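For the record, the sequence lines run as chains A and B. Going by full-length UniProt numbering, the first sequence opens with residue 1, and the numbers climb by one from there. Going by full-length UniProt numbering, the second sequence opens with residue 1, and the numbers climb by one from there.
Since the hints were derived computationally from the structure, they do not count as laboratory data. Please read all numbers here as calculations on a predicted model, not as lab measurements. Honestly, I wouldn't trust all of these hints.
[Claimed, not checked] Restricting the straight-line Cα-Cα distance to at most 30 Å, the calculated cross-link-like pairs of lysine-lysine (DSSO-like) are: (1) B:Lys121 with A:Lys169; (2) B:Lys131 with B:Lys210; (3) B:Lys90 with B:Lys205; (4) A:Lys50 with B:Lys210.
Read off the chains here:
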Amino acid sequence: MIEQGSQAEIVRQSLKKRYRKERRFRMYGRVAIAVALASLLLLFVDIIGKGYTGFIKTTITLDVTLDGEAMYLDDPTDKDQMSMADFQAPIIASLQGYFPQATERSDVRQLSRLVGSYAGNQIKDLLVDNPGLLGSTQTLEFLVHDTVSVYVKHAGDEAYSVRLSDQQKGWVDELVEKGVIDTGFNDVLFSRGDSREPTNAGILGAIMGSLLTMIVTLVIAFPVGVSAAVYLEEFAPQNRLTDFIEVNINNLAAVPSIIFGLLGLAMFIGLFGMPRSVPVVGGLVLALMTLPTIIISSRAAIKSVPPSIREAAMGMGASKMQVVLHHVVPLAMPGMMTGSIIGMAQALGETAPLLLIGMVAFIVEVPDGFFSSATVLPVQIYLWASSAEQGFIELASAGIMVLLAFMISMNALAIWLRKRLERRW
Amino acid sequence: MKLKSVVASVALAGSIAAVSAPAMARDTINIVGSSTVYPFATVVAERFGRNTDFPTPKLESTGSGGGLKLFCAGVGTQHPDITNASRRIKSSEIELCASNGVEAITEVKIGSDGIVIANSKEGAKVDLTLKEIFLALAKDVPDPKGGEKLVPNPYKKWSDIDSSLPNEEIIVMGPPPTSGTRDAFVEIAMEGGCKSYDWIKAVKKQDKSKYKSICHSMREDGPFIEAGENDNLIVQRLEQDKHVFGIFGYSFLMENASKIQAATIDGVSPTPETIADEAYPVARSLYFYIKNAHVGVVPGIEEYVGEFTSEGAWGDNGYLVDVGLIPNPRKTRMEVVKRVKSLTPMTAADL
Numbered sequence: 001m002i003e004q005g006s007q008a009e010i011v012r013q014s015l016k017k018r019y020r021k022e023r024r025f026r027m028y029g030r031v032a033i034a035v036a037l038a039s040l041l042l043l044f045v046d047i048i049g050k051g052y053t054g055f056i057k058t059t060i061t062l063d064v065t066l067d068g069e070a071m072y073l074d075d076p077t078d079k080d081q082m083s084m085a086d087f088q089a090p091i092i093a094s095l096q097g098y099f100p101q102a103t104e105r106s107d108v109r110q111l112s113r114l115v116g117s118y119a120g121n122q123i124k125d126l127l128v129d130n131p132g133l134l135g136s137t138q139t140l141e142f143l144v145h146d147t148v149s150v151y152v153k154h155a156g157d158e159a160y161s162v163r164l165s166d167q168q169k170g171w172v173d174e175l176v177e178k179g180v181i182d183t184g185f186n187d188v189l190f191s192r193g194d195s196r197e198p199t200n201a202g203i204l205g206a207i208m209g210s211l212l213t214m215i216v217t218l219v220i221a222f223p224v225g226v227s228a229a230v231y232l233e234e235f236a237p238q239n240r241l242t243d244f245i246e247v248n249i250n251n252l253a254a255v256p257s258i259i260f261g262l263l264g265l266a267m268f269i270g271l272f273g274m275p276r277s278v279p280v281v282g283g284l285v286l287a288l289m290t291l292p293t294i295i296i297s298s299r300a301a302i303k304s305v306p307p308s309i310r311e312a313a314m315g316m317g318a319s320k321m322q323v324v325l326h327h328v329v330p331l332a333m334p335g336m337m338t339g340s341i342i343g344m345a346q347a348l349g350e351t352a353p354l355l356l357i358g359m360v361a362f363i364v365e366v367p368d369g370f371f372s373s374a375t376v377l378p379v380q381i382y383l384w385a386s387s388a389e390q391g392f393i394e395l396a397s398a399g400i401m402v403l404l405a406f407m408i409s410m411n412a413l414a415i416w417l418r419k420r421l422e423r424r425w
Numbered sequence: 001m002k003l004k005s006v007v008a009s010v011a012l013a014g015s016i017a018a019v020s021a022p023a024m025a026r027d028t029i030n031i032v033g034s035s036t037v038y039p040f041a042t043v044v045a046e047r048f049g050r051n052t053d054f055p056t057p058k059l060e061s062t063g064s065g066g067g068l069k070l071f072c073a074g075v076g077t078q079h080p081d082i083t084n085a086s087r088r089i090k091s092s093e094i095e096l097c098a099s100n101g102v103e104a105i106t107e108v109k110i111g112s113d114g115i116v117i118a119n120s121k122e123g124a125k126v127d128l129t130l131k132e133i134f135l136a137l138a139k140d141v142p143d144p145k146g147g148e149k150l151v152p153n154p155y156k157k158w159s160d161i162d163s164s165l166p167n168e169e170i171i172v173m174g175p176p177p178t179s180g181t182r183d184a185f186v187e188i189a190m191e192g193g194c195k196s197y198d199w200i201k202a203v204k205k206q207d208k209s210k211y212k213s214i215c216h217s218m219r220e221d222g223p224f225i226e227a228g229e230n231d232n233l234i235v236q237r238l239e240q241d242k243h244v245f246g247i248f249g250y251s252f253l254m255e256n257a258s259k260i261q262a263a264t265i266d267g268v269s270p271t272p273e274t275i276a277d278e279a280y281p282v283a284r285s286l287y288f289y290i291k292n293a294h295v296g297v298v299p300g301i302e303e304y305v306g307e308f309t310s311e312g313a314w315g316d317n318g319y320l321v322d323v324g325l326i327p328n329p330r331k332t333r334m335e336v337v338k339r340v341k342s343l344t345p346m347t348a349a350d351l
């Protein structure tokens with residue numbers, strides 16, 4: 001009796017301590033979550049704070065007189081003349097309308113630096129399409145030069161105005177006041193490929209490249225991964241060989257992605273002689289990378305189908321193949337798809353293996369097929385982030401937001417599929 | 001059964017590869033090479049693409065060494081046509097090229113680039129000599145107590161090297177060994193400071209590899225931090241910490257002139273003028289190399305090179321100056337253009 005009483009006493013005494021311990025443990029958990037949330041918040045605030053200006057474009061609207069004499073052009077259908085014509089002249093003339101005192105050579109030079117480098121090409125393209133417009137006056141919207149763009153977007157911030165002269169700043173301020181220079185939604189970002197001029201650069205090329213690459217990855221990795229998983233789980237005999245294969249698949253999932261790039265370089269480009277920088281090779285490499293993920297998650301999905309389903313089907317006289325195709329695979333499909341989507345989302349954010357197969361490249365044209373040179377979203381972000389021009393910093397952050405949007409929607413799709421289709425036993 | 005489909009899928013993948021196996025005729029120029037030349041070459045490529053009927057060339061930024069390796073891998077459309085380099089081709093690379101059938105290469109010197117040592121504008125403005133740079137960053141330095149022997153770099157603070165320098169810890173961020181900027185910095189700045197010691201200079205005659213290991217080894221005990229190829233990151237670090245110095249190309253200094261300042265070296269500050277006339281000691285030339293065998297096979301190479309070497313691009317008032325290229329003197333430009341027009345191949349003797 002005395003013995004028992006003292007034991008209860010011990011328990012009672014230690015109770016407080018144990019409660020404290022539990023409270024402490026819970027607090028650690030809360031702190032961990034708070035730290036994770038805080039860093040996520042910091043990331044978002046930083047990216048959005050830096051990048052929202054990437055979604056804004058700065059334009060200048062001018063009435064330009066397409067004066068043949070000033071452009072040294074009298075026949076827009078003549079190719080030789082077109083290549084020698086000065087398409088910058090009408091723009092400068094129009095700007096001089098606002099600032100008549102700017103006639104010195106250096107002034108004219110500074111004036112022409114207000115508009116983007118490819119404003120002249122806009123006039124050229126217009127004349128190629130409509131030769132009849134020569135001599136007429138048109139109201140055209142041009143993109144401004146990068147330096148002007150960052151100056152306008154970050155008005156009042158000293159750091160963004162160093163590359164403009166005081167004279168240019170005066171001009172820009174006046175044009176902004178008159179509404180000639182204006183800002184709007186950056187549709188260029190979503191309609192063009194890369195450019196070395198931040199105002200002209202778009203992410204469409206990279207989005208298309210990512211899409212083409214992901215299609216190849218999906219088409220290769222999903223059927224191969226699922227069939228491998230089904231075979232290993234349902235048909236393969238349990239022996240040393242299958243154990244060996246299983247260990248290797250698990251190891252493969254942990255191999256650094258750059259190794260797959262090296263493999264792709266040696267195999268697809270070296271051995272098969274496929275071209276560099278194309279979505280097919282990128283897709284194949286990423287397919288190899290995602291295969292283990294898909295196999296492992298598909299096997300887990302198949303394992304979670306209760307044996308009673310199989311036994312019931314067998315009991316009804318179904319063949320092994322019918323059991324697998326009619327019952328097990330359909331029931332495991334949601335799990336397989338979730339695993340595949342998560343694997344694909346991982347592949348979407350990958351740059352390291354693509355470095356070696358030449359997809360880290362400056363490509364202006366938007367890719368239109370599996371064999372045209374392309375780059376992908378994370379690579380585009382990397383290329384912009386390492387460029388010197390100030391305008392590219394905000395574009396890189398804008399690109400990150402686009403990539404995050406893709407990732408989040410892919411993960412949301414995976415969650416939705418799981419919620420919608422998964423059956424709980 | 002399922003194994004069959006696995007085999008079938010693999011076979012399918014293989015056959016896709018097999019179909020594409022014959023090297024396809026290419027109508028886009030492929031360019032690889034230095035990340036320092038990349039900003040200049042991409043501007044030219046984009047202009048070329050927009051102003052002509054040729055497609056815009058594809059440019060990969062692989063580093064000078066990586067570019068030359070790809071370039072020298074052979075003749076044929078699966079290999080690049082042009083490689084950019086922020087240093088001159090080495091004779092070993094010319095040999096590698098020749099052994100793979102790449103015999104005729106035309107060299108184009110496009111201009112210069114200065115390498116700057118810079119810190120935040122809030123930090124101290126310093127004047128360094130090449131010798132001080134060497135003493136601050138080399139792995140082993142001559143014994144400060146005198147004598148002709150090397151000791152592991154004992155300097156922790158700039159003021160330990162020379163009392164006129166700030167009383168701050170030495171922290172310098174620089175490019176990794178794959179970078180042409182690193183090669184050039186080591187060869188010009190480090191070696192320049194190193195050979196100011198006569199006895200080390202004397203080593204060169206006796207044992208060239210020993211001399212190289214003395215002069216070219218960067219310290220690994222902390223004060224020198226290898227940053228990635230991304231110079232923007234170095235610039236960001238400088239903004240955050242005024243005690244840190246960074247090593248990068250002149251164009252990044254130009255873009256960030258509001259936030260960072262360059263140290264003067266031997267009393268000369270880096271400006272386009274001082275870099276072009278080589279008064280600023282840490283300057284190097286930039287190049288690209290053309291594979292002559294591809295001219296006429298891949299359309300547009302001559303025109304692209306023509307655009308690059310036009311006065312409007314690389315001249316004193318050309319658009320490349322806007323992105324930070326320091327042009328060759330006009331006389332050099334004329335010579336290079338002449339060589340390019342005739343596609344005169346270079347030989348090992350030119351080096």
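Given pair status - B:Lys210, B:Lys131, alpha carbons within 30 Å: Distance of about 19 Å is within 30 Å: holds.
30 Å limit on alpha-carbon distance, applied to hinted pair A:Lys50 and B:Lys210: violated (49 Å)
Proposed proximity, A:Lys169 with B:Lys121 (alpha carbon, max 30 Å): Holds, at about 23 Å.
Holds or violated: B:Lys90 to B:Lys205, with C-alpha atoms at most 30 Å apart: Status holds; Cα separation ~21 Å.
The structure is inconsistent with hint 4 alone, although it conforms to all the rest.
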